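Enquirer: Hey, can you work out the whole structure from these sequences and the hints?
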Amino acid sequence: MSDAPVLQVEGLVKHFPIQGGLLQRQVGAVRAVDGVTFSIRRGETLGLVGESGCGKSTIGKVVLKLIEPTAGKIVLAGEDVTALKPGAMWTHRRRIQTIFQDPYSSMNPRLPSGTIVGEPLENFGIARGAARDEQVAQLFRRVGLRPEAMRKYAHEFSGGQRQRLGIAKALSVNPDVIVADEPVSALDVSVQAQVLNLLIDLQEEYGLAYLFISHDLAVMRHISHRIAVMYLGRIVELADKRTLFTQPLHPYTEALLSAATAPDPKRRGLRKKIVQGDVPSPANPPPGCHFHTRCLYATAQCRVTAPPLLEVAPGHHVACLRRPVGGDPGPLSIPG
Amino acid sequence: MSGTPGPILEVRDLHTQFSTLDGIVRAVDGVSFDVARGETLGIVGESGCGKSVTAMSILRLIPRETGRIASGSIRFEGEELTTLTEEEMKRLRGHRISMIFQEPMTSLNPVLTVGTQIAENVVRHLGVSWKQGRERAFEMLDLVRIADARRRLDEYPHQLSGGMRQRVMIAMALSCDPQVLIADEPTTALDVTIQAQILDLMIELKEKTGTAIVLITHDLGVVAETTERVVVMYAGRKVEQASVETLFDEPLHPYTRGLMRAIPRLDVEADAAGTRPRLQEIPGLVPILTQPIIGCAFAPRCGFATDRCRRERPPLIDAGAGHLVACWEVDRVRRAA
Ligand SMILES: Nc1ncnc2c1ncn2[C@@H]1O[C@H](COP(=O)(O)OP(=O)(O)OP(=O)(O)O)[C@@H](O)[C@H]1O
Ligand SMILES: Nc1ncnc2c1ncn2[C@@H]1O[C@H](COP(=O)(O)OP(=O)(O)OP(=O)(O)O)[C@@H](O)[C@H]1O
Ligand code: SF4
Ligand code: SF4
Ligand SMILES: [Mg+2]
Ligand SMILES: [Mg+2]
Numbered sequence: 000m001s002d003a004p005v006l007q008v009e010g011l012v013k014h015f016p017i018q019g020g021l022l023q024r025q026v027g028a029v030r031a032v033d034g035v036t037f038s039i040r041r042g043e044t045l046g047l048v049g050e051s052g053c054g055k056s057t058i059g060k061v062v063l064k065l066i067e068p069t070a071g072k073i074v075l076a077g078e079d080v081t082a083l084k085p086g087a088m089w090t091h092r093r094r095i096q097t098i099f100q101d102p103y104s105s106m107n108p109r110l111p112s113g114t115i116v117g118e119p120l121e122n123f124g125i126a127r128g129a130a131r132d133e134q135v136a137q138l139f140r141r142v143g144l145r146p147e148a149m150r151k152y153a154h155e156f157s158g159g160q161r162q163r164l165g166i167a168k169a170l171s172v173n174p175d176v177i178v179a180d181e182p183v184s185a186l187d188v189s190v191q192a193q194v195l196n197l198l199i200d201l202q203e204e205y206g207l208a209y210l211f212i213s214h215d216l217a218v219m220r221h222i223s224h225r226i227a228v229m230y231l232g233r234i235v236e237l238a239d240k241r242t243l244f245t246q247p248l249h250p251y252t253e254a255l256l257s258a259a260t261a262p263d264p265k266r267r268g269l270r271k272k273i274v275q276g277d278v279p280s281p282a283n284p285p286p287g288c289h290f291h292t293r294c295l296y297a298t299a300q301c302r303v304t305a306p307p308l309l310e311v312a313p314g315h316h317v318a319c320l321r322r323p324v325g326g327d328p329g330p331l332s333i334p335g
Numbered sequence: 000m001s002g003t004p005g006p007i008l009e010v011r012d013l014h015t016q017f018s019t020l021d022g023i024v025r026a027v028d029g030v031s032f033d034v035a036r037g038e039t040l041g042i043v044g045e046s047g048c049g050k051s052v053t054a055m056s057i058l059r060l061i062p063r064e065t066g067r068i069a070s071g072s073i074r075f076e077g078e079e080l081t082t083l084t085e086e087e088m089k090r091l092r093g094h095r096i097s098m099i100f101q102e103p104m105t106s107l108n109p110v111l112t113v114g115t116q117i118a119e120n121v122v123r124h125l126g127v128s129w130k131q132g133r134e135r136a137f138e139m140l141d142l143v144r145i146a147d148a149r150r151r152l153d154e155y156p157h158q159l160s161g162g163m164r165q166r167v168m169i170a171m172a173l174s175c176d177p178q179v180l181i182a183d184e185p186t187t188a189l190d191v192t193i194q195a196q197i198l199d200l201m202i203e204l205k206e207k208t209g210t211a212i213v214l215i216t217h218d219l220g221v222v223a224e225t226t227e228r229v230v231v232m233y234a235g236r237k238v239e240q241a242s243v244e245t246l247f248d249e250p251l252h253p254y255t256r257g258l259m260r261a262i263p264r265l266d267v268e269a270d271a272a273g274t275r276p277r278l279q280e281i282p283g284l285v286p287i288l289t290q291p292i293i294g295c296a297f298a299p300r301c302g303f304a305t306d307r308c309r310r311e312r313p314p315l316i317d318a319g320a321g322h323l324v325a326c327w328e329v330d331r332v333r334r335a336a
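For the record, the sequence lines run as chains A and B. Residue 0 is where the first sequence starts when you use numbering that gives the first Met the number 0, and the numbers rise one by one after that. Residue 0 is where the second sequence starts when you use numbering that gives the first Met the number 0, and the numbers rise one by one after that.
In case anyone wonders, no lab produced these hints; they're calculated from the structure. Hints are not guaranteed to be accurate.
Only part of the chain B face toward chain A is listed, based on derived beta-carbon distances under 8 angstroms [as the list claims (entries may be wrong)]:
1. PHE247
2. GLY257
3. LEU258
Think about it this way: if two alpha-carbon atoms lie no more than 30 angstroms apart in a straight line, the pair counts; the simulated BS3-like pairs of lysine-lysine are [stated by the list, open to error]:
4. B:LYS130 x B:LYS205
5. A:LYS265 x B:LYS205
6. A:LYS271 x B:LYS207
7. B:LYS207 x A:LYS265
8. A:LYS60 x A:LYS72
9. B:LYS89 x B:LYS207
10. B:LYS89 x B:LYS130
11. A:LYS84 x A:LYS60
12. A:LYS64 x A:LYS84
13. A:LYS271 x B:LYS205
14. A:LYS72 x A:LYS84
15. B:LYS89 x B:LYS205
Chain A regions said to be covered by chain B (calculated; three or more residues, Cβ under 8 angstroms) [as the list claims (entries may be wrong)]:
16. 186-197
17. 217-228
18. 250-258
19. 261-270
20. 273-287
Just so it is clear, the structure is predicted and the values come from calculations on it, not from any experiment. Virtual Cβ for every residue (Gly too), placed ideally from N, Cα, C.
Expert: Rendered as structure tokens:
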């Protein structure tokens, strides 16, 4: 891992307007992403974890510039791409590619898989004709598909194989960063292992940076170097994975870890009932600390003051009023 | 747990098939198991291995146009279900055998309030008055710990969060004191913190009511935390069965072992930052169920496979203390540790 970040995101905000009334005027906003800052280095995986609706995919879409941010800054390989219009963004698009949960939905069913994987090579003018076919064949081999399969159509592949097609396509233009949004969530565990191993191999081979989105903590711990835990549009804790799993400091991280099931009946009953209630709506998040409605440690102050994300130890950032810099309110007890 | 002897549910050599354009899908291909009174039995396996079709067969919900129970027997309290009329089945379903599914919206009626839906079920099966039905609905919502249950009675499913809908499903499923509750991926669509709440709730209610639970899931973590006995399925067949402790302590089928080594784990000792041990892959893919499977269904992916495995279907043998495994090479597998 080199130290220069390939992707930097600062104060990223994305609000979706809520329309209402007869005139469809804006009556509010879904604060899908509410001031998020992080960076990823070459060869590094940053995991984004959090419950449904907390804004993970929205961050992915904004950094890919598939949607425009409401505020904030996106720096790709040293260049500020925040304000770039689609045309100017084009040259940068090569640098940042994506893998989806369901690659099938983005594949033209009438084109052979080889053509689909080779599309970016043509679009970016990298290779055409026989040269392109040769590169596509190599990509197929690299992701564990037989080059003869280039003639087959997307529907003729299994879920895991389609994910390999998606990876080959993303890889074709030699990107710096890959946004992987739940890339293994739809796969069976036996196939999930194949795809995770492939992603790790490719990262080591090409120095790829991954923004890896998942709600599965075990997958997250396996693939990530650092992990950002999100809650209702904000990062509440960010740390290297070892620290996050052994010394979590945010009550929500604690709740997430304690809620995870483990494939070991001996640990039965160790799961602690830490968090009750549902995630509030991002259209109407609780004031102050978004987590206060479910937090065991909430005080009156938590209901009014939004805690900033502070670095409490080198590389360990926490947004909680119980965690002043330097102060040590004592460890939270986490099993495992 | 109820003291009455004998299993509440006995499934014997069940074969369920579908006719499709590609041929006959042998979705369930000779599966047998018992469910003891008050126990929690897990059925685990990867997508398409026949878990849901097994559940639907028990409930007789296989779509008639394309599917059928081709052979086998399903006995509930000693009574054969496969030959009951639809009317007779309707009296059982939602009453003595009930179910919850992954997506509650598919089984909740969007235009009826949750109170009305639960009350209807109670009135239909228990023949009580509407007022008593409503009261029961309130009790049930309260039991599954829906806050402000009285008010929620008059809400529609779409007004509830995913976790609350699943609670309503559980409330409805338990409203007539069933002997068996079949739960097909009941927490798969839920967030982890909500999943934990629902699993805890199911276990707690099971202990209160003595209802046996058949919990269908692809998640080994859920199996480990909630079940007492486990059936592992592969390609429409039962390949292993054991108590949950035994299964996780010493899985004997190469497929079960493969599954356990393929999952990333949270509970193992934390590794130094940056080092990522490789996950063990199970090579290849699940077989296509439209072709009859000769021999062991796992043979093309199995590191222990021999010629016999490819020719002859391995029978389920008792490897000790009721630990059943369908594998010719179980001794070699055991030694391989
Ligand atoms: N195009 C849109 N218009 C309006 N609201 C949106 C839009 N896209 C997302 N949202 C809302 O923004 C919030 C964050 O959504 P997002 O898809 O980023 O969540 P997520 O963390 O990826 O969740 P999941 O784990 O379910 O994929 C949600 O409340 C969602 O409903
Ligand atoms: N109505 C149907 N018509 C044809 N084939 C079907 C039908 N229902 C199920 N099948 C097939 O039967 C097999 C078993 O399906 P089943 O739904 O039981 O799998 P499952 O183990 O529940 O998987 P999942 O984990 O994905 O829910 C699959 O191959 C499936 O495609
Ligand atoms: S700021 Fe307060 S409510 Fe928020 S996580 Fe910390 S203790 Fe809990
Ligand atoms: S019977 Fe043979 S192929 Fe099947 S699991 Fe056992 S060793 Fe493997
Ligand atoms: Mg998402
Ligand atoms: Mg199913």
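Enquirer: Compare the structure with each hint and give your call.
Expert: Against the structure, the hints come out as follows:
Interface restraint check: PHE247 of chain B against chain A, minimum CB-CB distance 5 angstroms, threshold 8 angstroms, status holds. Nearest Cβ of chain A to the Cβ of GLY257 of chain B: about 6 angstroms, under the 8 angstroms cut. The hint holds. Among the interface hints, the one on LEU258 of chain B holds; its C-beta lies about 6 angstroms from the nearest C-beta in chain A, closer than the 8 angstroms criterion. Distance check on the hinted pair: LYS130 of chain B and LYS205 of chain B sit about 26 angstroms apart at the alpha-carbon level, within 30 angstroms; holds.
For the suggested pair LYS265 of chain A and LYS205 of chain B, the alpha carbons sit about 20 angstroms apart, so the restraint of at most 30 angstroms is met. Using a Cα cut-off of 30 angstroms, the hinted pair LYS271 of chain A and LYS207 of chain B holds, with the two alpha carbons roughly 20 angstroms apart. Our distance criterion of 30 angstroms between C-alpha atoms is met by LYS207 of chain B and LYS265 of chain A, whose separation comes to about 23 angstroms. Restraint check for LYS60 of chain A and LYS72 of chain A: the C-alpha separation of about 14 angstroms stays at or below 30 angstroms, so the hint holds.
Between LYS89 of chain B and LYS207 of chain B, the direct Cα distance comes to roughly 26 angstroms. Compliance with the 30 angstroms bound is thereby established for this hinted pair. Restraint check for LYS89 of chain B and LYS130 of chain B: satisfied, since their Cα atoms lie roughly 23 angstroms apart, inside the 30 angstroms limit. For the hint pairing LYS84 of chain A with LYS60 of chain A, the CA-to-CA distance comes to about 15 angstroms; that is within 30 angstroms, so the pair holds. At roughly 9 angstroms between alpha-carbon atoms, LYS64 of chain A and LYS84 of chain A fall within 30 angstroms of each other, so this suggested pair holds.
Distance restraint check for LYS271 of chain A and LYS205 of chain B: the Cα-Cα separation of roughly 19 angstroms lies within the 30 angstroms cut-off, and the hinted pair is therefore satisfied. In summary, the hint linking LYS72 of chain A to LYS84 of chain A is supported, as the alpha carbons are separated by about 14 angstroms, within the 30 angstroms threshold. With a CA separation close to 23 angstroms, the supplied pair LYS89 of chain B and LYS205 of chain B stays within the 30 angstroms bound. Proximity of the segment 186-197 of chain A to chain B, defined as three or more residues with a beta carbon under 8 angstroms from a beta carbon of that chain, is established by the 9 residues found.
Note: the segment 217-228 of chain A has 6 residues with beta-carbon separation from chain B under 8 angstroms; the three-residue rule is met and the coverage holds. Requiring three or more residues with a Cβ within less than 8 angstroms of a Cβ of chain B, the coverage given for the segment 250-258 of chain A holds, as 5 such residues are present. Residues of the segment 261-270 of chain A with a Cβ under 8 angstroms from some Cβ of chain B number 8, which satisfies the need for three, so the listed coverage holds. By the rule of at least three residues with a Cβ nearer than 8 angstroms to a Cβ of chain B, the coverage given for the segment 273-287 of chain A holds, with 4 such residues.
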